[in-house]
Amino acid sequence: MRSIVYSCSYVPPEWIAAHGFRPVRLVPYSGTECLQRETAGICHYMHRFLEQASQFDAAGVVVTTLCDQMRRGVECINSPSAASLSSLFLMHVPKTMNSVGAVRYYHEELKRLSRFLINLGGALPDEAHLIEVMIDYQQKRDNLFNHRSDMSGVAFSRFLRSFQAGGLLDLCEDATKSKKLIPVAILGGPMSIEDLGILDLIEEAGGEIVLDGTEGGERTMPRAFHRQRIHIDPFMELVEAYWSIPDVARRPNDSLFIWIKNQLAQRHMRGIILLRNVWCDLWHAEVMRLREWLDIPLLDIDLDGESATARNRTRIEAFMEAL
Amino acid sequence: MIDTPLLLSIHDWDARYDDLMARDLVEAGYGGRLSRHLDGGDYRLNQLLFDNSAASLRLWNFLLTEEARLAAARADGHTLVGAMKDLGTIPVMAYALPNVTAFYPDGAWWIPCVMELSAGLLSIADRMGIDESFCPVRAMLGAFVSEAHFPIPDLLICSVGATCDDFSAIAQRLQGLGYPILWWEAVHRRQADKGEDSVILPGGFAAPVAQVDFIQTELVRIKQALERQVGHLLSDEDLLKGISVANGVRCILQKLRFISFTAPMAPLPALELLIAEMLAIHYCSDQAESLVVLQDLYDLAKSRVDLGLGHGHIDDARIFWVNPVADLTAMNLLETCGGRICGTEYLFSHALDLIPEDLPPMEALARTALADPMIGSARQRAERITFDMQLFGAEGLIISKIPGASHCALESEVIRENIEESLGLPVIEIEVPPVCDALRSSLKTRIEALVETIKSRRK
Numbered sequence: 001m002r003s004i005v006y007s008c009s010y011v012p013p014e015w016i017a018a019h020g021f022r023p024v025r026l027v028p029y030s031g032t033e034c035l036q037r038e039t040a041g042i043c044h045y046m047h048r049f050l051e052q053a054s055q056f057d058a059a060g061v062v063v064t065t066l067c068d069q070m071r072r073g074v075e076c077i078n079s080p081s082a083a084s085l086s087s088l089f090l091m092h093v094p095k096t097m098n099s100v101g102a103v104r105y106y107h108e109e110l111k112r113l114s115r116f117l118i119n120l121g122g123a124l125p126d127e128a129h130l131i132e133v134m135i136d137y138q139q140k141r142d143n144l145f146n147h148r149s150d151m152s153g154v155a156f157s158r159f160l161r162s163f164q165a166g167g168l169l170d171l172c173e174d175a176t177k178s179k180k181l182i183p184v185a186i187l188g189g190p191m192s193i194e195d196l197g198i199l200d201l202i203e204e205a206g207g208e209i210v211l212d213g214t215e216g217g218e219r220t221m222p223r224a225f226h227r228q229r230i231h232i233d234p235f236m237e238l239v240e241a242y243w244s245i246p247d248v249a250r251r252p253n254d255s256l257f258i259w260i261k262n263q264l265a266q267r268h269m270r271g272i273i274l275l276r277n278v279w280c281d282l283w284h285a286e287v288m289r290l291r292e293w294l295d296i297p298l299l300d301i302d303l304d305g306e307s308a309t310a311r312n313r314t315r316i317e318a319f320m321e322a323l
Numbered sequence: 324m325i326d327t328p329l330l331l332s333i334h335d336w337d338a339r340y341d342d343l344m345a346r347d348l349v350e351a352g353y354g355g356r357l358s359r360h361l362d363g364g365d366y367r368l369n370q371l372l373f374d375n376s377a378a379s380l381r382l383w384n385f386l387l388t389e390e391a392r393l394a395a396a397r398a399d400g401h402t403l404v405g406a407m408k409d410l411g412t413i414p415v416m417a418y419a420l421p422n423v424t425a426f427y428p429d430g431a432w433w434i435p436c437v438m439e440l441s442a443g444l445l446s447i448a449d450r451m452g453i454d455e456s457f458c459p460v461r462a463m464l465g466a467f468v469s470e471a472h473f474p475i476p477d478l479l480i481c482s483v484g485a486t487c488d489d490f491s492a493i494a495q496r497l498q499g500l501g502y503p504i505l506w507w508e509a510v511h512r513r514q515a516d517k518g519e520d521s522v523i524l525p526g527g528f529a530a531p532v533a534q535v536d537f538i539q540t541e542l543v544r545i546k547q548a549l550e551r552q553v554g555h556l557l558s559d560e561d562l563l564k565g566i567s568v569a570n571g572v573r574c575i576l577q578k579l580r581f582i583s584f585t586a587p588m589a590p591l592p593a594l595e596l597l598i599a600e601m602l603a604i605h606y607c608s609d610q611a612e613s614l615v616v617l618q619d620l621y622d623l624a625k626s627r628v629d630l631g632l633g634h635g636h637i638d639d640a641r642i643f644w645v646n647p648v649a650d651l652t653a654m655n656l657l658e659t660c661g662g663r664i665c666g667t668e669y670l671f672s673h674a675l676d677l678i679p680e681d682l683p684p685m686e687a688l689a690r691t692a693l694a695d696p697m698i699g700s701a702r703q704r705a706e707r708i709t710f711d712m713q714l715f716g717a718e719g720l721i722i723s724k725i726p727g728a729s730h731c732a733l734e735s736e737v738i739r740e741n742i743e744e745s746l747g748l749p750v751i752e753i754e755v756p757p758v759c760d761a762l763r764s765s766l767k768t769r770i771e772a773l774v775e776t777i778k779s780r781r782k
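Respectively, the protein sequence lines represent chains W and Z.
Using the working numbering, read the first sequence as starting at 1 and increasing by one per residue.
Using the working numbering, read the second sequence as starting at 324 and increasing by one per residue.
Simulated from the structure, these hints should not be mistaken for lab results.
All clues given are correct.
Residues from chain Z that face chain W, not an exhaustive set, calculated with beta carbons under 8 Å:
(1) 451
(2) 499
(3) 516
(4) 732
Glycine is no exception: its CB is placed at the ideal position from the N, C-alpha and C atoms.
Please construct the entire structure, taking both the sequences and the accompanying hints into account.
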């Protein structure tokens, strides 16, 4: 089965799978050659994602406009001086929350994605097939979440990413849950494979990740599909489930804060570690607001594509100690 | 009588002002000596060089009295609309309604420059967690918090979507501080897919009809919010009239740009032309007066060209400038180095193109909004720059990167590649912070190098 690489939580893997492709949410690794000269202001995550997507043996690549860097980075990767992507789909994910038209636009963009996939040799799914794929994905997600309490937070975060990568990534090592650790949440943007080492560091420092609110973590999973509605209009149910994902880029982004508030009430974490890529304005701008709004401590860590563990070890240890 | 064009310091302008008054200069209500603005804290004026014409005096006084005009509008019971990010579309609608004054809080990005950081707006933004890694438009946050530079608008409208993340993040921070914002979606302008209908937008870009339709529904939502705020319905007829007035401003500006960029000698300096272009976005909070100010400037430019007068020398390097500068002194620097402006793209070319008057007005505005160079690809933007450089006979390009702006790091490379490959003209990139004194010598060296390169290629 040919793969479709995608970058964003608002691209439903069910939709890609229903067209006959294997959806792969690529988690890039760091430390590769850059597409163009490194310049201040260019997000290393975007850079590495696009570079590795262009080298991936995939039928196509789907990226979205949710972050401006990714929207613009696509042009660099398609420039004559850079490696080229054979088939690229840039999907506009509306940021406006209070507009019915914006939801409709998202709906139309997913239909446009369908035409892109069909042009690559995919097949337009009938409703029965779409329902079957959606239920299959739902069951897999349910299975993951059902085993949440049996494994460490680090293992769960890695399982989630491995699942989204279509099983192509073996990120899951020791799933044993440790005892008597300090419950903390992680929040923020996407991470490279090397950045995931931060999660181990948190655990080594005595923390237990009870909530993964980073891109690719629990926050960016769709809500459960509605049992009746999925049979009435599966595509609309898919649209609504994914549209409801809370994200820092949405305007206003109140739904993100509501999500955090609900999780705080349920998970009883004692601190939050924010992991943001160094040129990500969207998360950077929220650091102060989160600090003002939260009644638990927040540790702000920026990821720059270099070894995040070495330079953050002391800070994380001190944070855990203070908690 | 047309005097020889000169560049004057603000203090030289006092004597010039006396001279003009002795010659019975008739000023607008906001007129007066330029040096009086120093008392209000606009210290950067001390470092600027100004054109010596009465038309330029009027332009500067118009610009520097906007805050007072907004306060007067509030006192007169006008509804104040703060439009953010879209640069040129929402004010057309707002000004078509009675007793509405629209302005761009984004304009606060020049306050740190004009007041040489004395207003403390960037420090306030720092304290709000919006540090120097963000675009200088973060000064807007400080202006809202301090409430010292413009009245808080009755309605705040901001476009988001395919816009820069800096602005979106800063505006969200503003909303988080308790300033409600009405957001609308500006979609990423894309090419039409196979079999999909498309239309040509003002300025020449193309977009799928479906995107125009979507933007139109978003603008209808904004129109309804404006109507609710003002308590008055905006008819198509009134909106068409509003578009016609906006086009009047755009038309005179087009003429001013063309004559200024193509004349053998620059009839107006780069700095005054930058300020003039900005009027097309929001009319400096007085649409009717902005038309008069621009007409004055055009008349002056035409007279100077007809008489063979201008600034600088006939062999000055003809330079196209991309992106607005956060420090106005950078525009003076161009002329100091032997360059002159022959074309600009200050991120709002869609505010300069005429809005179609032969279409239903909301569709016309939707097409205009979708022509925004920021919401499409950098390559499209580069293609328009290429076209305009050829049109105006530019010999080189300066890409003025905006510090911290998320788009500049990526699009500058695309623009540079495009110009070098398609026109074979020299390109330099500079970065201009709100107060660039510390960088002045390196900026000067870079611009001088470009000027020398251009002149050596003529031989």
